[in-house]
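Peer 1: As they're listed, the protein sequences go chains C and Y. Here the numbering used here is used: the first residue of the first sequence is 1, the next is one more, and so on. Here the numbering used here is used: the first residue of the second sequence is 344, the next is one more, and so on.
To be clear, the hints were calculated from the coordinates, so they are not data collected in a lab. Warning: the hint list may mix true and false statements.
[Said to hold, decoys possible] Using 25 Å as the maximum straight-line C-alpha spacing, the simulated DMTMM-like pairs for lysine to aspartate or glutamate come out as follows:
| # | chain 1 | residue 1 | chain 2 | residue 2 |
| --- | --- | --- | --- | --- |
| 1 | C | K222 | C | D234 |
| 2 | C | K127 | C | E154 |
| 3 | C | K143 | C | E192 |
| 4 | Y | K593 | C | D100 |
| 5 | Y | K593 | C | D87 |
| 6 | C | K222 | C | D323 |
| 7 | C | K222 | C | D243 |
| 8 | C | K143 | C | E154 |
| 9 | C | K127 | C | D100 |
| 10 | C | K120 | Y | D665 |
| 11 | C | K170 | C | E223 |
| 12 | C | K143 | C | E165 |
| 13 | Y | K593 | Y | D505 |
| 14 | Y | K593 | C | D243 |
| 15 | C | K222 | C | E276 |
| 16 | C | K120 | C | E165 |
| 17 | C | K170 | Y | E424 |
| 18 | Y | K593 | C | D125 |
| 19 | C | K170 | Y | E536 |
| 20 | Y | K593 | Y | D665 |
| 21 | C | K127 | C | D234 |
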Amino acid sequence: MPPLLSVAGLRVGFDTDAGRAQVLDGVNLEIGRGEVVGLVGESGCGKTTLARSILGILPRPPAVIESGRIDLDGTDLLTLPARAMNDAIRGRRITYIPQDPLGSLNPVFRVGTQIMELMKWKSPDGKARRGRWPGLFTPYPHKRRRADRARVLEALRAVQIPDPEAALRKYPHQFSGGQRQRLVIAMALLTEPRLIIADEPTTALDVTIQAQILALLRRLVKERGISVLFTTHDLGTAYELCDRIVVMYAGQEVESAPIDRFFAHPAHPYTRRLLESLPRPDGSVREIPGEIPGLVHPPGGCRFHPRCPNAGSECGEHRPPVDMPEAGHALRCYHPDPMEPPR
Amino acid sequence: MYLLTFIVKRLLWLVPSVFGIIVITFVISHVIPADPVRLAAGDTATPEQVAALREELGFDRPLVVQLWYYVQNLVQGDLGESLFTGRPVVEDLLGRLPATIELTLVAMIFSIVVGIPLGVVSALRRNSLLDHVVRIVTVSGLAIASFWLGIMLQLAFAMHFDWLPLGGRFDGFPPPTVTGFLLIDTLIDGDWEGFGNAFSHLLLPALTLAFPALATIVRFTRAGVLDVIQSPYVLHERAMGFPPSVIVWKYVLRNALVATVTQIGLLFGILLAGAVVIEAVFDWPGLGYYAVNSIVMSDYNAVLGFTVWAGVIYMLVNLAVDVVLVLIDPRRSAA
């Protein structure tokens, strides 16, 4: 069975005053059906750009998609007309869990208004195509509205919002951060998507609430067989939630492995440094020597090579091809480290 | 419930504010070197006659005492008599109020109805040709003096093309007074020709008055939309595939309007002040024209009366604005 989502050779640039920044340099990514994939990397490595490319909401300009494919279930999203992308893909096939739960609900509308707006356009019972009416004047059929409302209440119960009826009448500021996160998760689940893009969804929350919400999210998507692309810079949260981890460095994917193998046998020098840089029990942190490269004039070949202890001359000339040391474990490195547990 | 206590509280605050306005205006109008009594008495009056009139009008008493009597009368709804027309100032003001309100409201409604969509569209198409044109127009709106604009419009549309009347509010006999607003009264009377008549008189002064207000509304709406469109909730709405028109005209606009509505309250004061000049240019029989005449005649009861009126109207409008703001943005009710 082909994967649900496959990104192949995606190159995305951003035009800046200093020139074009090559933010994604031929990225490949596959997400299987029902699979939860963690996309891990430092800030600025292109995680969010990749997530937004899949959703088709990159601001263009300044962003430019230079080449590549994004296939969802056999449909190339990059060649889909903007209107079809908005009507049939976003909010229906792919939904989104935002980064900042506090700011991601519209402050001046009741939560119920916003969720019902989503259902008006994206309910699994509704058409995937807007009618001739301008959006503001499109009627919401009464019967469907009632069915959708029941569905919404059920979803709010599923994410453990107390008293869902009352919650719909409240404004976002009347909820705590954790509850707002549950609300946007409910929204992402409501339209029965195939894929959820979760862009660092719990960074703004404290650790205990974060753990609860991640466990809840994992249970809900596994029950429903929904795939998730979860971006994070935090390997700990990725471990709690994901089936597989993909590591990105400066716009290139470097390694992808199932969760157990990833932590037990990391092979890419960057992955190993990343794991070693986790804070130790004694509180010390081992930094990765060197700096993240600028993306306007990035290093050639493997972009990690200027910082890599194993690097040879070929590393700066060509990007290493995909190597599969074991089924499911993909690696792009000429000189991988011995695959032993780190430290 | 919260809103009600809010309104009552704000209404109570009106009292000290109005008192402040009275004291300031009272002091200013009494320390200016003009002598209203001498003007009222006429050129031929003897010094004894002037002195007698001064005593009759109470101008010989200390300023504080005069202020006390003025406030005492004001509480009973008496603003004194106009030294010039000899009629109670309240009557004069009430008679002219509808003309000014009609002019200001039409200007305000025009600037809101045109200004908000224009602001939104120029924000969405930033740096497009339309945005540049709008920017030029709004900068001129703020830079050009309205009396000059009024005169230019008169020269063009009344003198050169002769499409619109030069000034005044109505040709011939006005319709029977119901609301005092000619646009409405002519319609009640079923007099379409009269409506056109009133409308053609209103057009130029209303446009002149609206121009700077329109500019302000466009600028604040544009800035508001540009600000809101960057917010994480708009990103969320876009990522969830809400139709773009719904995002802009419902979810973005309501947030962006907070800044605009605040400005509309302040603009009302500017419009009232602008009406004073524009009514004089267009011979519009409203409060502003009356105020100008009163100032020229040193008719200080009338000036004071106008100032108090304008102050109260301004404060009521701003109260209304604050209520609207709470309705737009529920977070304010918590503050």
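Peer 1: In ascending order, which of the hints set out earlier in this document are inconsistent with the structure?
Peer 2: As far as the earlier hints go, 6, 9, 10, 11, 13, 14, 15, 17, 19 and 21 are violated by this structure, in ascending order.
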